[in-house]
Amino acid sequence: MKKTLTANISGTVFHIEEDAYEALNRYLGNIRSRFSGTAGRDDIMADIEARIAELFQERLDGRRQVVSITDVEQVMGVLGQPEDIAGGEDGPEGAPEGAPASGTTGNKRFYRDPEDKWLGGVLGGLGAYIGMDPLWLRIAVVALVLASVGSLIPIYLLLWILVPKAESAAERLRMRGEPVTVDNIKRVVEEGAERFKRGGERMAHEAGELGRSWGEHAGQRRSQAVNIFVKLLGVGLIIVAFSLLLGLITGMIGGTVSLWHATWSNEELGLLDLGELLFSTREHALWMAIGITTLLTVPIIGLFLSGFRLLLETRTPRWLGLTLLFLWLAAWIPVIYTGVALGKDFKRSNSTLTEVELVQPVSGILYLDSKDPEAMTGDWSMSYDDGEVNVDFDGVHVSNGTVFGAWGRLDIQRSADSLFHLKVEREAHGISTKVALTRAGNVSYQLDQDQDVLQVSPVISYPVADKFRGQDVQFTLEVPLGRSVYLRPGSKHVIHDIENVTNTYDRDMLGRTWTMTERGLVDLNAAPGREGWEVPSDTIRTKHDPVAAVVWEGPSKRARSARKERSANTTERSRSAQDIHRVSLAPDLLGSMFRNLR
Amino acid sequence: MNVENTKAQMRKGVLEYCILGILAQGELYPSDIISKLKDARLIVVEGTLYPLLTRLKDAGLLTYRWEESRSGPPRKYYKLTTVGQKFLTELDQTWEELSQAVKKTTRQSR
Chain A
1 MKKTLTANIS GTVFHIEEDA YEALNRYLGN IRSRFSGTAG RDDIMADIEA
51 RIAELFQERL DGRRQVVSIT DVEQVMGVLG QPEDIAGGED GPEGAPEGAP
101 ASGTTGNKRF YRDPEDKWLG GVLGGLGAYI GMDPLWLRIA VVALVLASVG
151 SLIPIYLLLW ILVPKAESAA ERLRMRGEPV TVDNIKRVVE EGAERFKRGG
201 ERMAHEAGEL GRSWGEHAGQ RRSQAVNIFV KLLGVGLIIV AFSLLLGLIT
251 GMIGGTVSLW HATWSNEELG LLDLGELLFS TREHALWMAI GITTLLTVPI
301 IGLFLSGFRL LLETRTPRWL GLTLLFLWLA AWIPVIYTGV ALGKDFKRSN
351 STLTEVELVQ PVSGILYLDS KDPEAMTGDW SMSYDDGEVN VDFDGVHVSN
401 GTVFGAWGRL DIQRSADSLF HLKVEREAHG ISTKVALTRA GNVSYQLDQD
451 QDVLQVSPVI SYPVADKFRG QDVQFTLEVP LGRSVYLRPG SKHVIHDIEN
501 VTNTYDRDML GRTWTMTERG LVDLNAAPGR EGWEVPSDTI RTKHDPVAAV
551 VWEGPSKRAR SARKERSANT TERSRSAQDI HRVSLAPDLL GSMFRNLR
Chain B
1001 MNVENTKAQM RKGVLEYCIL GILAQGELYP SDIISKLKDA RLIVVEGTLY
1051 PLLTRLKDAG LLTYRWEESR SGPPRKYYKL TTVGQKFLTE LDQTWEELSQ
1101 AVKKTTRQSR
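Protein sequences appear in the order of chains A and B.
Counting along the first sequence from 1, when you hit position 591 you're at 591 in this note's numbering, and nothing is skipped either side.
Counting along the second sequence from 1, when you hit position 96 you're at 1096 in this note's numbering, and nothing is skipped either side.
Rough simulated footprint, nothing fancy, chain B against chain A, three-plus residues with beta-carbon under 8 angstroms:
no., region
1, 10 to 19
2, 41 to 55
3, 68 to 81
Here are some chain A residues the structure puts well away from chain B; computed CB gaps all over 10 angstroms:
no., residue
4, Ala7
5, Asn25
6, Pro114
7, Gly131
8, Leu152
9, Pro154
10, Leu162
11, Leu233
12, Leu295
13, Glu355
14, Ala416
15, Ile431
16, Lys434
17, Gly490
18, Asn503
Don't read these hints as lab results, they were simulated from the structure.
Glycine included, each C-beta is placed from N, C-alpha and C at the ideal position.
Full structure from sequences and hints, please.
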């Protein structure tokens, strides 16, 4: 079924199919534009239209009702191409009627080929011009466009505007004719400006047509424009599928490598062993892995298939599609089953709170550090840097039926009484609160106190049989009012999000003495700024001394004497809380020193 | 110097002459003229005729009148004007002279 229009041609009414109408309209418009500026154009057009009407009537001959595209093409053949018709008028340059068909080879020119086009026919024309199959040019250009991230597209559009379309037989012949000559280049340059002006309008028109045919013919005849978009879509799908596949593979390799890396110190701890630690059984882990892999792979295969189908118009066998769909749906079963089983075992959580008795520090300052984990496992990778212990705790470590992991965290809070306390909360998940509590009780932690130094290990451990069930340990160090805690650099492994008055980040809290005040933890050595304790974090930075060592040259006499006084104090390793208070009595002095320093 | 251009120029001159010659025999409408020209292999596509007719008409050599057609749109019937007839007579003479000249010169040169 086709849509028809009614056209009045030279006073006679015709039913004409839409595509035929479009073609005829273009044809007449083309002729008209070629006679622009010629006296008697309207007469010529009227004559031609009258003849067209006559020819249609002859062709329809009372038997048929509707003018089709074939009729229009036949009539156009009889009347001749616009250029041939106008040729008689064009003066010396015009091609003689019919003569081109007799095999002339004028100068070869670069035309866009309307009969071999994907988009504007630029590459079709270029192919004809250089005598090459346009397919290869197109493949090359698509590759170049992709490689150049689209920067070639404006060049294509420019050519679309500048290069004329080969509309008549003569032009098409010239398009395939002789090699380029100096004459041609000159002419192209001369005509370039004019063509750019006209070409812009023309391209807009052609682009509009592409858009229209994309819209209108989508259902019926697959027009060129639709083909282009379909093919581009196909290429796009393949690219997407390819990058997804690449991502999946790198993800799998990366995941495996990082897991392997995390557990590198263990003999024979494969992915499945890790899976077994997470899932209820080894089989569950295996099924989950298979399910997830299928869920991810099948859509990628589907993308590839549909991409190739659009691009190469290959047919995907029905059974293949159905099998893939079935596989994909089936893959949900193990994923959901094992996932639910796993979720159940995480459902309840419980914890147990213990208090560790601390020896109260004589100096009033507790030195916090993380415990050397070597003592526990023997083979952690460690390095000593500037007296600081560096341990990479990101991994999981399994040995002798025990899981080790750096899941311990320490917070500092205000003590309710005048004593330091350390509270340890062990937490785990399970199918019931009872199971969770048993698992929490199975968690071991390590800490040590040596006089004023408290070492807490971030590494906790529990039996393999307990599996990964969100076990963690929360240490809470309670500091009494007026007492201080010095965070040794090593403590960075265990402290987590410690609240303080100055909102200092954990890593900036290291190497400083923090005193518990009514408002919370404060570094009393940091001079107060204009507003509260807002002091740049780099003002007082000591290495290992509890009290700020003076690392600058005091600019004034007064400052220097103050420095002397304090450096005398810093000679002692340990100091009392009073010392800190004494130093902090001169915040104005320190503040002015900082200002002078800047 | 392009041979196609020369050929086109020659043919164009002759074509106008022939149209005037055809119309000298009587009143005709374009399709008749076309079929005669096609028989003589002077034109290949019909479209070329219309601009020529219009130009000759504008030059005052031709005139036309409308006539209703039973089978289609009204037709333009062309005929020569007095100016056209004079023009044709002159062309006849020139053609005679030219063909003589061509015969003479080309024969001599060969």
